[in-house]
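Chemist: Taken in sequence, the protein lines are chains A and B.
Mapping to the numbering used here: the first sequence position 77 is 69, numbers consecutive.
Mapping to the numbering used here: the second sequence position 271 is 263, numbers consecutive.
Hints may contain errors.
Claimed, not checked - Below, a sample of chain B positions facing chain A; criterion: calculated Cβ distance under 8 Å:
id: 1; residue: Lys116
id: 2; residue: Leu198
id: 3; residue: Thr210
id: 4; residue: Ala214
id: 5; residue: Ile226
id: 6; residue: Leu242
id: 7; residue: Gly244
To be verified - Cut-off 25 Å, straight-line C-alpha distance, at most; resulting in silico cross-link-like pairs (SDA-like, lysine to any residue):
id: 8; chain 1: A; residue 1: Lys252; chain 2: B; residue 2: Arg231
id: 9; chain 1: B; residue 1: Lys116; chain 2: A; residue 2: Asn235
id: 10; chain 1: A; residue 1: Lys132; chain 2: A; residue 2: Asn314
id: 11; chain 1: A; residue 1: Lys248; chain 2: B; residue 2: Phe254
id: 12; chain 1: A; residue 1: Lys239; chain 2: B; residue 2: Asn232
id: 13; chain 1: A; residue 1: Lys74; chain 2: A; residue 2: Ser103
id: 14; chain 1: A; residue 1: Lys132; chain 2: B; residue 2: Pro133
id: 15; chain 1: B; residue 1: Lys239; chain 2: A; residue 2: Ala253
id: 16; chain 1: A; residue 1: Lys248; chain 2: B; residue 2: Asn235
id: 17; chain 1: A; residue 1: Lys285; chain 2: A; residue 2: Gly15
id: 18; chain 1: A; residue 1: Lys62; chain 2: A; residue 2: His43
id: 19; chain 1: A; residue 1: Lys132; chain 2: B; residue 2: Leu173
id: 20; chain 1: A; residue 1: Lys296; chain 2: A; residue 2: Gly200
id: 21; chain 1: B; residue 1: Lys132; chain 2: A; residue 2: Thr172
Derived from the structure by calculation, the hints contain no laboratory data.
Using N, Cα and C, we set each Cβ at its ideal position, and we do this for glycine too.
Okay, here's what each chain looks like letter by letter:
Number of protein chains: 2
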Amino acid sequence: LKIAVDAMGGDRAPDVIIEAVEGSELRDSVVLVGDESKLQGKVPAGLEIVHAPEIIGMGEHPTEAFRKKKKSSIGIGTELQKQSKVDAFVGAGNTGAYMAFATLGLGRLKSVERPALATFFPAKKGYTLVLDVGANTSVKPSHLLQFGAMGSLYVEKITGKENPLVALLSMGEEETKGDTLTRKAFELMRESSLNFVGNIEGHHILDGNVDVVVCEGTIGNAILKFGESVVEVIQEGVRNIVNTSLKAKLGGALLKPSLKAFFARMSYDEYGGAVLLGTNGITIISHGRSSPKAIRNAIRMAAKCVEENINSSIENRIKEFNQ
Amino acid sequence: LKIAVDAMGGDRAPDVIIEAVEGSELRDSVVLVGDESKLQGKVPAGLEIVHAPEIIGMGEHPTEAFRKKKKSSIGIGTELQKQSKVDAFVGAGNTGAYMAFATLGLGRLKSVERPALATFFPAKKGYTLVLDVGANTSVKPSHLLQFGAMGSLYVEKITGKENPLVALLSMGEEETKGDTLTRKAFELMRESSLNFVGNIEGHHILDGNVDVVVCEGTIGNAILKFGESVVEVIQEGVRNIVNTSLKAKLGGALLKPSLKAFFARMSYDEYGGAVLLGTNGITIISHGRSSPKAIRNAIRMAAKCVEENINSSIENRIKEFNQ
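Using the sequences plus the hints, can you model the full thing?
Modeler: Encoded structure:
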């Protein structure tokens, strides 16, 4: 098992990344990819480094970066996968760039029409996988069907849950609701071998009654990011409340440990990251603000995907679908 | 000033509605619309009632209801507007049905291509109007431009803020980001007289740096509903934490009043409701779970729209746009 980790990706790279890898039980399987001059003196002995002289910034245009920065940490990490020198790639940098390099550099899995970005949301009970959260800006019904298949398989492999429940995000729950895309995808999913439970509305995603929620990338991306900000606004609000009076400060002090743990669970950067499903490689993309713990979880997720041979399962499943 | 209020709409109708109207400073301007047999003995003397024998349930198909239930409270409320017997209609029932009756029964304002549903989100600073949150399932760039114009005017009229800042919800903030629809709408909005600030991503909606966020109905609906559920999940989580230990209970007791006030502000059903912009009438649609306070706010919003003559302003603005 070999996992490349982008040492240069993330708001506090490379320090947080190095700290994460150092403390990981999988550290011996990790290859750090990054600018050696920036890593020198920071990386503990024994950790493997592959040099990448260029860096892709958070604001850079993904496909342009793909064309021009082959020697970036993302470029080299992708190349290592292509040459089978590593089995997976983990990073907390420019999401679009990881997706561009994986999709254009590694290519799609056989019969997969569109890769999709999937991430777990913390629900009332357990976790719900939502996809696509931003790999695609416009899709066809058949793409949504494939997202359902890939998401279902991913949940099965990662959580061990058999035959996960799959829902389609829609405005209104009846099958006649939603736009043309959703209505057509509904039909395809109902007729497929997916354990399809029908439409779900935005306010039921977090109920924890389904395992996989399928949606368009623009919608998934909007709710993911909007949800993050709602959590932040509330956390900030609660923090302000605690500072309003002596009485409130005392109350806050008594509740602090449990509130902290709760908001950590609600914070979307604690789950390791999003997985790009459908390319000829395994790419886990963590939040730019990821903690070392989040990066370690991402490395674990990557390892699990390799062990479970997720990509050949996806190819087989999609092949079945097309028969 | 006359405002029709749907006595039968909402989870706890008619009681909550009657309580709301009774306590409203605008009660003398209100006409309650509903089934007299169900209102008998509950409505205080002096409140005007218009009988509507039929009821449209929360799960009913909107356009079907429009065809078959003209004598419903929604049908009669719309008819009262059409005959100019009332100036506005407020309700907490089936959102789709209010929209169908308003759009099909009252028709669109001159030059308005598509009505849009708009609602205020509680931001870090002040409030941000988001539209469309569910009136349309597929739109053209020109529709989004008109949403921007209507939303901008609404904010101007309701809050008094001049030349409100308008943003376009997109994946990625550069103008080259987003799908074809967003990119084309970006161009139209930039070239218009709107105070357009560019693209905004989902996690910046609540920052409070813009006044109006324009998006497709399916996306707006998803983030509105998802956001509501995030607030609920956190509120429930905090409630659970407070019950875990004696220490936490004490802390919770000290913080209870301020937490309660805070979550009330964050709760989307406290703002009166969403407004349907672009039809030949004024329709305010409140959340099914609305409190009496929310309904009273909705009645106030309706009154404000009438006073400010919002519809003729919209027609004039859209006409300017088309020149």
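Chemist: Indicate, hint by hint, whether the structure satisfies it.
Modeler: Hint check:
no.	hint	verdict
1	Lys116	6 Å, holds
2	Leu198	5 Å, holds
3	Thr210	6 Å, holds
4	Ala214	4 Å, holds
5	Ile226	5 Å, holds
6	Leu242	6 Å, holds
7	Gly244	7 Å, holds
8	A:Lys252 with B:Arg231	14 Å, holds
9	B:Lys116 with A:Asn235	17 Å, holds
10	A:Lys132 with A:Asn314	15 Å, holds
11	A:Lys248 with B:Phe254	17 Å, holds
12	A:Lys239 with B:Asn232	21 Å, holds
13	A:Lys74 with A:Ser103	19 Å, holds
14	A:Lys132 with B:Pro133	20 Å, holds
15	B:Lys239 with A:Ala253	16 Å, holds
16	A:Lys248 with B:Asn235	14 Å, holds
17	A:Lys285 with A:Gly15	9 Å, holds
18	A:Lys62 with A:His43	12 Å, holds
19	A:Lys132 with B:Leu173	15 Å, holds
20	A:Lys296 with A:Gly200	23 Å, holds
21	B:Lys132 with A:Thr172	15 Å, holds
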